[in-house]
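A.B. asks: Full structure from sequences and hints, please.
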Amino acid sequence: MSALHIKKGSNRHSAYNLRPTFSDVQERHTIAVLVENEPGVLARVIGLFSGRGYNIESLTVAEVDHTGHLSRITIVTTGTPQVIEQIKAQLGRIVSVHDVHDLTVEGASVERELAIIKVVGEGEKRVEALRLADIFRANVVDSTLNSFIFEITGTPEKIDAFADLMRPLGLVEIARTGVAALLRGA
Amino acid sequence: MTREMTGAKMVVQALKDQGVDTVFGYPGGAVLPIYDEIFLQNDIRHILVRHEQGAVHAAEGYARSTGKPGVALVTSGPGATNAVTGLTDALMDSIPIVVLTGQVPTFMIGSDAFQEADTVGITRPCTKHNWLVKDTNSLAATLHEAFHVATAGRPGPVLIDIPKDVQFATGTYTGPKPSTSHYQPAVKGDLDAITELVAAIETAKKPVFYTGGGVINSGPAASQLLRELVDATGFPITSTLMGLGAYPASGKNWIGMLGMHGLYEANMAMHDCDLMINVGARFDDRITGRIDAFSPKSKKAHIDIDPSSINKVIRVDIPIVGDVAHVLEDVLKVWKARGRKTNTEAVAKWQAQISDWRKVNCLAYTNSEKSIKPQYALQRLEALTKDRDRYVCTEVGQHQMWAAQFLGFEDPNRWMTSGGLGTMGYGFPASIGVQMAHPDALVINVAGEASWLMNMQEMGTAVQYRLPVKQFILNNERLGMVRQWQELLHGERYSHSWSEALPDFVKLAEAFGAKGIICSDPADLDDAIMEMINYDGPVIFDCLVEKHENCFPMIPSGKAHNEMLLGEAETQGVIDSKGSVLV
Numbered sequence: 007m008s009a010l011h012i013k014k015g016s017n018r019h020s021a022y023n024l025r026p027t028f029s030d031v032q033e034r035h036t037i038a039v040l041v042e043n044e045p046g047v048l049a050r051v052i053g054l055f056s057g058r059g060y061n062i063e064s065l066t067v068a069e070v071d072h073t074g075h076l077s078r079i080t081i082v083t084t085g086t087p088q089v090i091e092q093i094k095a096q097l098g099r100i101v102s103v104h105d106v107h108d109l110t111v112e113g114a115s116v117e118r119e120l121a122i123i124k125v126v127g128e129g130e131k132r133v134e135a136l137r138l139a140d141i142f143r144a145n146v147v148d149s150t151l152n153s154f155i156f157e158i159t160g161t162p163e164k165i166d167a168f169a170d171l172m173r174p175l176g177l178v179e180i181a182r183t184g185v186a187a188l189l190r191g192a
Numbered sequence: 067m068t069r070e071m072t073g074a075k076m077v078v079q080a081l082k083d084q085g086v087d088t089v090f091g092y093p094g095g096a097v098l099p100i101y102d103e104i105f106l107q108n109d110i111r112h113i114l115v116r117h118e119q120g121a122v123h124a125a126e127g128y129a130r131s132t133g134k135p136g137v138a139l140v141t142s143g144p145g146a147t148n149a150v151t152g153l154t155d156a157l158m159d160s161i162p163i164v165v166l167t168g169q170v171p172t173f174m175i176g177s178d179a180f181q182e183a184d185t186v187g188i189t190r191p192c193t194k195h196n197w198l199v200k201d202t203n204s205l206a207a208t209l210h211e212a213f214h215v216a217t218a219g220r221p222g223p224v225l226i227d228i229p230k231d232v233q234f235a236t237g238t239y240t241g242p243k244p245s246t247s248h249y250q251p252a253v254k255g256d257l258d259a260i261t262e263l264v265a266a267i268e269t270a271k272k273p274v275f276y277t278g279g280g281v282i283n284s285g286p287a288a289s290q291l292l293r294e295l296v297d298a299t300g301f302p303i304t305s306t307l308m309g310l311g312a313y314p315a316s317g318k319n320w321i322g323m324l325g326m327h328g329l330y331e332a333n334m335a336m337h338d339c340d341l342m343i344n345v346g347a348r349f350d351d352r353i354t355g356r357i358d359a360f361s362p363k364s365k366k367a368h369i370d371i372d373p374s375s376i377n378k379v380i381r382v383d384i385p386i387v388g389d390v391a392h393v394l395e396d397v398l399k400v401w402k403a404r405g406r407k408t409n410t411e412a413v414a415k416w417q418a419q420i421s422d423w424r425k426v427n428c429l430a431y432t433n434s435e436k437s438i439k440p441q442y443a444l445q446r447l448e449a450l451t452k453d454r455d456r457y458v459c460t461e462v463g464q465h466q467m468w469a470a471q472f473l474g475f476e477d478p479n480r481w482m483t484s485g486g487l488g489t490m491g492y493g494f495p496a497s498i499g500v501q502m503a504h505p506d507a508l509v510i511n512v513a514g515e516a517s518w519l520m521n522m523q524e525m526g527t528a529v530q531y532r533l534p535v536k537q538f539i540l541n542n543e544r545l546g547m548v549r550q551w552q553e554l555l556h557g558e559r560y561s562h563s564w565s566e567a568l569p570d571f572v573k574l575a576e577a578f579g580a581k582g583i584i585c586s587d588p589a590d591l592d593d594a595i596m597e598m599i600n601y602d603g604p605v606i607f608d609c610l611v612e613k614h615e616n617c618f619p620m621i622p623s624g625k626a627h628n629e630m631l632l633g634e635a636e637t638q639g640v641i642d643s644k645g646s647v648l649v
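Quick mapping for you: the protein sequence lines, in order, are chains A and B.
For the first sequence, my numbering gives the first residue as 7, with consecutive numbering after it.
For the second sequence, my numbering gives the first residue as 67, with consecutive numbering after it.
If you're looking for bench data, these hints aren't it; they were derived computationally from the structure.
Remember, it's a predicted structure, so these values are computed and weren't measured experimentally.
Warning: the hint list may mix true and false statements.
Stated by the list, open to error - As a list, the in silico DMTMM-like pairs of lysine to aspartate or glutamate whose alpha-carbon atoms are at most 25 Å apart: (1) 200(B) x 69(A); (2) 378(B) x 33(A); (3) 365(B) x 262(B); (4) 124(A) x 148(A); (5) 378(B) x 112(A); (6) 365(B) x 30(A); (7) 366(B) x 262(B); (8) 625(B) x 30(A); (9) 378(B) x 105(A); (10) 378(B) x 148(A); (11) 363(B) x 30(A); (12) 134(B) x 593(B).
C.D. replies: Structural data, given as C-alpha cells:
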C-alpha cells in the first residue's frame, strides 16, 4: 500500500464535513479511486457515470499494486458541488472500490498527462514546429523526412496549448493518456 | 473445514452453511449439476416456480418477511434475463437476496453458445454486486462473500454466475468464516452529529419522525428502539410505504403514511414541521413532491447507512451515516443522559394542530350499497383479519395505495410491497415466498386484476406446494392508476387502460386446482372474505369493485405537500404542463 502514495483523508464511508452543496457552479474535480483489480470493475465505474448521467472528461486506469490486486482509476469530472459529492458517495458504494479521494479538495496535487502528437509538414513549418516543441519541452520520438511525432507531458492545459499551436503547422493525429494525479507532500 | 468436492456440491453445501432452508428456482441445462445435488439431499427445500421472475420475487417475499436473505436459482440465458426485473426490484427496495445463475462452460463463454447471455454484464447495474466464478477453487469463498455483501450495510441483491464446467469440476470447499472482505460498512453513527440531533429534539416545537424501509431492514431491534424513542418524546411519526409496521398503526403518535397518496395530516405535518427526523428513508420523489417547496421551514436530520443517500435529493442539516438500530440506541442514550428533555408545551400544541388536520378525514369516500367500493373491501378485509397472524403482499397500483391506507400494521416484516420499482406482478410470487417462510400464517396478496395476471402462472406453484395464499383481487377491469392519471392528465382519453378479455377468475382457480370466490355485492362481502380465510388452500378472490373509483388523497405531480387533492374535488387542470412530464 505504501507504494501507492494515497494520502489518508476522510473515510469513504463518511458523509460529514460536506462542503457547501446545492450551488449551480460547475466545478472540475480530479478523483482517484482505488479498486480491486478484477474483471468488470472498470465497467462498474463507467456504468455508474453513464447510468446516473455524470460527465467523464478523462479517465485513466492501471494496476498499481500487483500483490494487493489494486488498480487506480483517475477520473476528471465536472458537475455542481452536489453532483460531485454524489459521484464520490456513489463510487464509494461500489463493493469493489476500496478508497475514493477527491484530489481537488484534499490538498494541493500534481496532475500530469502524456500526449503523442503527429505533425506533418515541410520547410519553414517543420522548423517552426521543432522550435515550439523545444519551448514546450516536447521530445521528438519519431521522425521521417516530412513528419515528426512529439511526446509531451504536462497538465491537460499545457497539452491543449501545444496542440493548438501545432494545428496550423500540420497536426494530423493526437493520442492522449488522460490525467494521472497524486496529492503533494508525504 | 476444508473438503474436496464438486462445484455443484459446494453450492448446496455453502447454502446449508449459510443457514438457507428454502431455494426458489427453475432448472435448465446450465444448472443441472446443482439440481442433481439438490436431488440428493433433504436439508434445503427447493420450490419450483413457473417463471424465473417469480423465483426472485418469492425470494424477496421470503427475505422481507424474515429478515434473512432469500435465495433463487435459475439457469443461464433466458433464466438469467427473466430474473432481471426481480433483481432491480430488490435493488430499489434494498432487499437482501442471493441469485445463483448457471452459465455456459467457461470455454464456450463469448461464443454465442446456446442459452448464453452476458449475465454479469446485464445484471451489473441491477445488483449490489455480482460475480462470474471461473475457478471451482474460488467458488466457496465467493458464495460466502455473496451472503456477506447481500446483508452488510444497505442490503441488496447479489448474483453469482456459475459456468457449468465449474459446477462439474472438483475443488476445495471452505466453510464460512468471519468476513475478511474489505467491504465493511460502518454501522455506528458519528457521536457529534447524534448529539446535534438530540439538541434539536430537545428544543423542537413542531417535530416529526419520517421513517422508512431502513428501519425494517435494520432488524426488529430498530423498530423497538424507534417505538421507545417516539413514545418517550411524544413526537408524531409518519412513514413511507416501505416502512409501514416499524411503528404500530395503533400507536398513539402514528399519523399515517405520507407521500403522493399519503394522509393529509402526515403530509401537512411534513410541510409545516420545524424538525424532520428522517430514519432510514431516502426522500423518494413519491414522498417529496415538489422539491423546492418541500418542508421549507424545517431543520432536517437524516439517518441512513448509505452515504450516497445523504444530500442526494434534499439537503439535510444533520447527516448521520449508520445503521438505524445503532444510531437510535445512541440517540436514546445521549437524550436520556442529557435529561430526557423536550419542549412539551409546544409539542402538545403541535399534536393538537395535527389532530385538527386529522379531522379533515382525508380517507373519506362515498360508500355504496349497490357496488363494492375498493376502500370498503379493504376496510372489511382489515376488520376480519387484523387479529390474525397476518402477512400482506400487494401488487402495484391503486389497490396498493388503498391497502397502505386502509390496512394497519402493528409489526415490521408484515407488509411486502414493491415500492421503488413499482413492479406489477410482484405480489403473487412474493406471497408464495412469505407463505413458505411462515407456513401457518394467513398470507394475503391484495392485488389488482391487471397486476395479478402478470405472474398468474405461479398458481401452479401455490397449488403444487399446497400454499394457502389468498389472492384478494380488487377487480375493476381497469389499469386503475393509469386510468386515474389519464382522467386527471390526459383529458379522459383512456388509452389502452382496460381489458376486454379478462378471465373468469373462479374457473381459472378451478383449472389450477384451487378455490375461486367471486363477490360483487357489498352485503355478501364479509361472508365471502370469511370463506376465503377459512379455506385451507390457495384462493383466488375475485372482488368486483366500483370501476371508476379514484385514489385520494393525492399530491399531483409537481405540487407541494400542502397542495393535496382530497376526494372527488374538481380534478381537471390541477396538474400543469411542468407537472405532467413527471411520472
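A.B. asks: Next, verify each hint and record whether it holds.
C.D. replies: A quick look at each hint next to the structure:
no.: 1; hint: 200(B) x 69(A); result: holds (21 Å)
no.: 2; hint: 378(B) x 33(A); result: holds (17 Å)
no.: 3; hint: 365(B) x 262(B); result: holds (11 Å)
no.: 4; hint: 124(A) x 148(A); result: holds (9 Å)
no.: 5; hint: 378(B) x 112(A); result: holds (21 Å)
no.: 6; hint: 365(B) x 30(A); result: holds (22 Å)
no.: 7; hint: 366(B) x 262(B); result: holds (11 Å)
no.: 8; hint: 625(B) x 30(A); result: holds (23 Å)
no.: 9; hint: 378(B) x 105(A); result: holds (20 Å)
no.: 10; hint: 378(B) x 148(A); result: violated (50 Å)
no.: 11; hint: 363(B) x 30(A); result: holds (22 Å)
no.: 12; hint: 134(B) x 593(B); result: violated (36 Å)
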